[in-house]
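Here the protein sequences line up with chains C and W, keeping their order.
If you read the first sequence in this note's numbering, its first letter stands for residue 1, the second for the next number, and so on.
If you read the second sequence in this note's numbering, its first letter stands for residue 1, the second for the next number, and so on.
Note that these hints are calculated values from the structure, not bench results.
Glycine included, each C-beta is placed from N, C-alpha and C at the ideal position.
Where hints are given, some of them may not hold.
Stated by the list, open to error - Listed next, the stretches of chain C that the computed footprint assigns to chain W, with coverage defined by at least 3 CB atoms under 8 angstroms from CB atoms of chain W: (1) 131-142; (2) 210-216; (3) 289-303.
Claimed, not checked - Not close to chain C: a few residues of chain W, all C-beta gaps over 12 angstroms, as computed: (4) 42; (5) 197; (6) 222.
2 protein chains.
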Amino acid sequence: MLGRNRRLAILAEASFTPRDAKTAVGVLRYRAPDVVAVLDSTRAGRTAQQCAGVGGDVPVVSRVVEAAALGADTLMIGIAPQGGGLPDAWRSAISDALGRGWDVLSGLHVFLGDDPEFASAARRSGAKIHDVRRPPASRPVGSAAAGALESLVVLTVGSDCNVGKMTTAIEIHRELLRRSIRSRFVATGQTGIFIADHGAAVDAVPSDFVAGITESLVLEAARGDGEPVEVVMVEGQGSLHHPGYSGVTLGLLHGACPACLVLCHEPTRDRMRLGSSNHGPSIPSLRELAAAYRAAASWVRPASVIGVALNTMAMDAEAARAACEAARAELEVPATDPVRFGAEPLARAVEERRSVRSAATAAETRRFTER
Amino acid sequence: MLGRNRRLAILAEASFTPRDAKTAVGVLRYRAPDVVAVLDSTRAGRTAQQCAGVGGDVPVVSRVVEAAALGADTLMIGIAPQGGGLPDAWRSAISDALGRGWDVLSGLHVFLGDDPEFASAARRSGAKIHDVRRPPASRPVGSAAAGALESLVVLTVGSDCNVGKMTTAIEIHRELLRRSIRSRFVATGQTGIFIADHGAAVDAVPSDFVAGITESLVLEAARGDGEPVEVVMVEGQGSLHHPGYSGVTLGLLHGACPACLVLCHEPTRDRMRLGSSNHGPSIPSLRELAAAYRAAASWVRPASVIGVALNTMAMDAEAARAACEAARAELEVPATDPVRFGAEPLARAVEERRSVRSAATAAETRRFTER
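Between the sequences and the hints, there should be enough to build the whole structure, so can you do that?
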């Protein structure tokens, strides 16, 4: 991960739950063999599985010294708090890790490498600080170039933050690979970058360049290694209806220029999350959400909603199945919880669209470039 | 301007036209008494009025030394190129100015203060470098709080970049002041900041915080000095249909939570500007534009389009009047060129809406906060 094999201790002090430690949970889900411990003194003695439902027997410990005894050599910041600041309580763990010569991986909006105390601790011990949210130096302006790709671009979009857009994109990508379809995953947030070892945290990019950076990532992914890929699965961000993050969502949508959208939702949530509150604006119906995303896409490059991905973690199996069936009936597209029930229905929808597209590409591209 | 009275030399080398030197033109239009010269060796000997249609007798000269002879004491960068970089040809003028102890005001995406050569020249001479596009240190997340203000928030929106959103907002604001309505102008781009001496360049803000920074500016403006203002006129950015900048536009729209929108357009332009090309995607009809802005606003806080502002600089008077009449007929709202024909019809539309709102505020606010 980020340049070499690592044995990670993930810092999630007082926060190791699926809701508050999104980055820890994502990395445990997809890179568990790289993780030796999670740091949360309020949950020490339990396993990752018990706290967060992922990560199996990875132990939760209190202090950096215990993670060191388990062989850790890198500290990863495992939360992404709204606003992106650094809780004071975490400073000592970071200083301790840097003092031991551990690299520190962070996806916070605040850059640890710019903190004089951390920077000098890293210099003294030879440790590296990787601030993956630091924007790329390039300043490309989006030009809708991804809209003319032969590769099928698929973007996950959502009803709110933290409803499963990254997980859904990765699950569909993996299912496509299993079906021998040449697919690439494009990470657009810090957790995705840790998992994929590549990408850009578009929410930290100066807003003029969100679409341009996204476009660059999609064009690069589409080129593949020699052989162009068939599908580019792009991780979405935020929501068009979120009062804080809608601009990130639209910049990403217009930069990626997807032909297909997969709508992600958490069925037990009826209001958006705003700050530490669960009481933000109400979430519109799936039908309204789909209409808004189609409209917004059409301003630059039309897209269809080809499936729904539900995060049913908070529901029992029967309610989860009923929610999928209701979503399918409401939008008349496949609906599943890709973690609980598998991503196959969504991967099949992508595959079908891919076949149609192969035939239609020439005509579509001509129409598109004529706009 | 920015801390003290200044005598500006505006750098617009090889670019002093309304199209390429937007910042120079805006500052000349509203702060001409502060400007002693424009630097453009390709147009030296002419007046600002001859080159850009604004600025009267302000002379165009070739070199910093000539501007110094005219009494200049500050260099302002007068262009805002797409991508925001610094043309190499301009470096010597900036170094020359800093060497003389002049402050340098810049709205480029690239920060002059971070350039080692400029920083050390400034240190040596005691000059200050003001990079007004450097984002505020605060990281607020938008929460739609501006949607519940008693003040009427009005945002200018547009069919493309550089169609008159800033100018229209300022012209309406000034007309409101003439009509004794307590109005504040909120600058969201570098030219507006130079003119108003306050604001934030939202296109340079990390995208997660565009709505939040805008919200802070609007709430601050609404408070006024003791007495709350009646109207907050917010400068819009970009366009919902622009493949590069739409995310800035939506973040700003949802941060400002306007009740009223004024749609800005340049009638002779049928394609958006993309890079140095005039051949971007086609511009939709005014009706489609208005529908898109209303839809996007409604995702967070519904807004009406209450007027159209046309930039008719490229048209003769008869064609300009016909274009205004056509726009009025198409959207059934007042339409004018606020520079050519005055902003009165738009200010009146704001005033009428203000009266309606005074009566309706209690009910509207209740509905809004219940969402």
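Exercise for the section: Hey, is residue 197 (chain W) genuinely clear of chain C, shortest beta carbon separation above 12 angstroms? Expected result: Holds, since 23 angstroms exceeds 12 angstroms.
Handout entry: Check of the stretch 210-216 of chain C against chain W for coverage (Cβ-Cβ below 8 angstroms, three residues minimum)
Key = Our answer is that it holds, as 3 residues pass the Cβ test (under 8 angstroms) against chain W, meeting three.
Handout entry: Distance rule for residue 42 (chain W), whose beta carbon must clear each one in chain C by more than 12 angstroms
Key = With a cut-off of 12 angstroms, residue 42 (chain W) remains clear of chain C, as the shortest Cβ separation is near 26 angstroms.
Exercise for the section: Take the stretch 131-142 of chain C, compare each residue's beta carbon with every beta carbon of chain W, and decide whether three or more fall closer than 8 angstroms. Expected result: Three-residue rule met by the stretch 131-142 of chain C, so holds; n is 5.
Practice task
Apply the coverage criterion to the stretch 289-303 of chain C and chain W: a residue qualifies when its Cβ sits closer than 8 angstroms to a Cβ of the chain, and three qualifying residues are needed.
Solution key: Per the Cβ count (5), the hint holds.
Exercise for the section: Run the C-beta distances from residue 222 (chain W) to all of chain C and say if the shortest one exceeds 12 angstroms. Expected result: holds (17 angstroms)
In terms of the numbered hints stated before, the structure departs from none.
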